[in-house]
Structure formats: C-alpha cells, structure tokens
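Each chain is listed here by its residues.
2 protein chains.
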Amino acid sequence: MQLMEQMIVEYGKIYPNNVLKVDSFLNHQVNINLLEDLAQEIYRLYKDFEITKILTIETSGIMLACFVAQAFRVPMLFAKRIRGVKIKNNVHSAQVFSCAHDKDYTIYVDKDYLGSDDKVLLIDDFLANGYSMKGLVQLAQSADATVVGAAVAIEKGFQGGGDILRSLGLRIESMAIIESMGEDGIVFRQ
Amino acid sequence: MQLMEQMIVEYGKIYPNNVLKVDSFLNHQVNINLLEDLAQEIYRLYKDFEITKILTIETSGIMLACFVAQAFRVPMLFAKRIRGVKIKNNVHSAQVFSCAHDKDYTIYVDKDYLGSDDKVLLIDDFLANGYSMKGLVQLAQSADATVVGAAVAIEKGFQGGGDILRSLGLRIESMAIIESMGEDGIVFRQ
Chain A
1 MQLMEQMIVE YGKIYPNNVL KVDSFLNHQV NINLLEDLAQ EIYRLYKDFE ITKILTIETS
61 GIMLACFVAQ AFRVPMLFAK RIRGVKIKNN VHSAQVFSCA HDKDYTIYVD KDYLGSDDKV
121 LLIDDFLANG YSMKGLVQLA QSADATVVGA AVAIEKGFQG GGDILRSLGL RIESMAIIES
181 MGEDGIVFRQ
Chain B
1 MQLMEQMIVE YGKIYPNNVL KVDSFLNHQV NINLLEDLAQ EIYRLYKDFE ITKILTIETS
61 GIMLACFVAQ AFRVPMLFAK RIRGVKIKNN VHSAQVFSCA HDKDYTIYVD KDYLGSDDKV
121 LLIDDFLANG YSMKGLVQLA QSADATVVGA AVAIEKGFQG GGDILRSLGL RIESMAIIES
181 MGEDGIVFRQ
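Just so you know, the protein sequences line up as chains A and B, in that order.
Numbering of the first sequence is given in our numbering, commencing with residue 1 and proceeding in unit increments.
Numbering of the second sequence is given in our numbering, commencing with residue 1 and proceeding in unit increments.
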C-alpha cells in the first residue's frame, strides 16, 4: 500500500539491529488519518468474509485494531499478557516467545469473548519473526474460532515470520513489506 | 451520560473490594458503538478549546483515546510504562503510584511528541484514586504543555480521586460517576 510505504520512508527512522522506529505515527504517537486509511484498505481485503471479531495483542496492535473494528462494525478484543505468576480462570491462553527476554510469556483472552461461532481477523502493527501472530493464531484455535486471516501495518519480510505463517496456510495482508533496510534506505517487496 | 450508565447497569459485574468488571465492552472486549458515542460526547464538551493532542496511558485508556482523537482530528499519544530498569533518553517522565504493587512506577512519552505548543486533553477508561490521572497531568506539565482538561468513561466517585483533582483545578468530565456500589446495585452521582 503506497501510503504506508510513503509514511515509512518519510517519517520512519532506521537504527542498528534492524530496528525501524515508527513511533511518530504508528505505535506511540498515532496518526489517526493513517490508521483510518489502513483500516479501510484492510476492510476492502476482508469484507466478504463475515468477520465477527477483531483480535489483537497488547499494546501496540490495539490502535490499528480499533479502527479496523470500526470499519467492520464488530467488537475488538485484545489478548492480555499475564504478568507475574497469577493464574487466570476462564481464559483461553497461548505462549509467545519474546526475543527481548529470550523466553516465553503467556497471553490470554476471557473465554466469554471468543468462541466457536467467531470468524476472527488478526491485527498487529508489526510482523517480524511472527511469534506474536503465531500466538494469536493459537489463541483463536484454542477457542475453536475460525481464523479468516491476518493484517498488519508493517511486515519485516527479511525476518521471515510472515512467509513461514503463509506457508502454513495463514492469509496475511501487510500494508507494507520491507525486503531490506539499512544505510542505503529501504527496499519494499513488490 | 445515560448510555454509559445503562451499559454499566446492564453489562457490568460487581465483585468484592469495589471491583467493577466492564471488560465485556470497555477494556478487554471493546464495543465500538459505545466508544464512538463517548468520543462524540467528549468532543461536544471540549470542542472549543483548540485541543492539539489526546494523551492517555497504556493499556486500557488507549481504545477510548483513539476514538476521541478521531473526533478531534488530532494525534493520540499514549504514555508508556518503563518496565525493568532501562533508562530512557529524550523523554518526559512521571511517577504513578500502583495500589496493586504498593509502589511507584514510571511513565514516559518521547519529548518529540509533547511540548509547550500543545493543548492536551487527558483520557482514561477509569478514574478511581486518581493516581494515573495525576501522573498524566505531571507528564504534560513536565513538557510545559497546557492541560485543558480530562475525560474518563467511568469515575468511581466514592474513591475520591476525581474530587481531589477537581479541587486542584483540573476540569474532569466523567461519562458516569459511581457514588456507591454493592449487592444492592449501583448509585450514580447526579
């Protein structure tokens, strides 16, 4: 999507270790016009699938998920992280590997809000190694919900998570896919 | 606001220790129609103040803040929590007391996104003891931004934080103020 690529080129900042900072418009300060446009494009791609629920993961997927839910006129649900050792009752849960901490953490949703009648669209801001997205798929599956597909604002194609998940049968629509990035700039997948 | 009170009465669940669970529509699963209506009411109350930015705190203030930002057509910015002992550069920060953990934690925003030109509206889902809201006020003040006021979905009036902050001069608009709650039901402030 041209708008997403333009925003990355114009306002994104590249740091060492493949870090792309987009927090001026996507995941700290949030540009409402951009999110509305992304949501409209995601709606166009998935509007024929009778989506019943938008599922994301806290924190930075929530903003895009709100506007996507608005476009579809369905509820938004976000998976929470379990912090500490609290045991939660009446939840669906899944494990997500954290590169930053080199260990798994647990995400969950209340069982009352996700079930076998649901057709779910998964949303996140970034897709890189795919661990968060894989956790969302497993969360939906543990609720016997149907995963229609996923959509993300920015996919770091060179980290491979998106292609692995696609090879497993998940439809993923990325508003921009970065093939490579570095001092010479950013190359997008066509 | 009648709609907010209706939703609390119809779908809220009361638990011991003054816990009100509204996660079927406000802060886990999110009812988009409700948030749009709350945002329109908040816009009506603050539309004449040339708001330049909506400021909230992660996680559960973000959803309402998104729709309020949409109504005002300005960016949304959310304060992040510092987890662990990482020192952040180029940030405004403030301390927030956590009742759950009986100690302070630090919230921050990037200095690039909040400054003396900003007229800020503070948003949160709940206002109870007022610690989070006080932290947001201090964050905005440390950026020399003008705090126009605050708006929350639900105020637990009996916990007193809202009235203390009002007595200090902060304008707070609460879509519903709970005066008391218990086995006999909920009494709202008129």
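Think of the hints as simulated: they come from the structure by calculation, not from any bench.
Remember, it's a predicted structure, so these values are computed and weren't measured experimentally.
You may find that some hints are simply not true.
Remember, identical chains collapse to one label, so a pair may be satisfied in a single copy or spanning two.
Below, computed lysine-lysine pairings styled on BS3-like, alpha-carbon distance capped at 27 Å [said to hold, decoys possible]:
| id | residue 1 | residue 2 |
| --- | --- | --- |
| 1 | 103 | 47 |
| 2 | 88 | 47 |
| 3 | 21 | 47 |
| 4 | 47 | 119 |
| 5 | 111 | 13 |
| 6 | 103 | 88 |
| 7 | 88 | 21 |
| 8 | 119 | 103 |
Evaluation of the provided hints:
In this assembly of identical chains, the alpha carbons of residue 103 and residue 47 never lie at most 27 Å apart, being 37 Å within a copy and 47 Å across copies at closest. For the identical chains of this complex, residue 88 and residue 47 are neighbours neither inside a copy (34 Å) nor across copies (41 Å), given an alpha-carbon limit of 27 Å. Proximity of residue 21 to residue 47 under the C-alpha cut-off of 27 Å is found in neither arrangement, the shortest distances being 30 Å within a copy and 32 Å between copies. Within a single copy, residue 47 and residue 119 get their C-alpha atoms as close as 12 Å, which meets the 27 Å cut-off; across copies the closest is 38 Å, which misses it.
Taking the closest pair of Cα atoms, residue 111 and residue 13 come within 27 Å of each other only across two copies (16 Å); inside a single copy the shortest separation is 39 Å, beyond that limit. In this assembly of identical chains, residue 103 and residue 88 lie within 27 Å of each other by CA distance both inside one copy and across copies; the values are 20 Å within and 23 Å between. Taking the shortest Cα distances, residue 88 and residue 21 sit within 27 Å of each other only across copies (15 Å), while inside one copy they are farther apart (34 Å). In this assembly of identical chains, the alpha carbons of residue 119 and residue 103 never lie at most 27 Å apart, being 30 Å within a copy and 41 Å across copies at closest.
Hint compliance for this structure: hints 1, 2, 3 and 8 are not met, and every other hint is.
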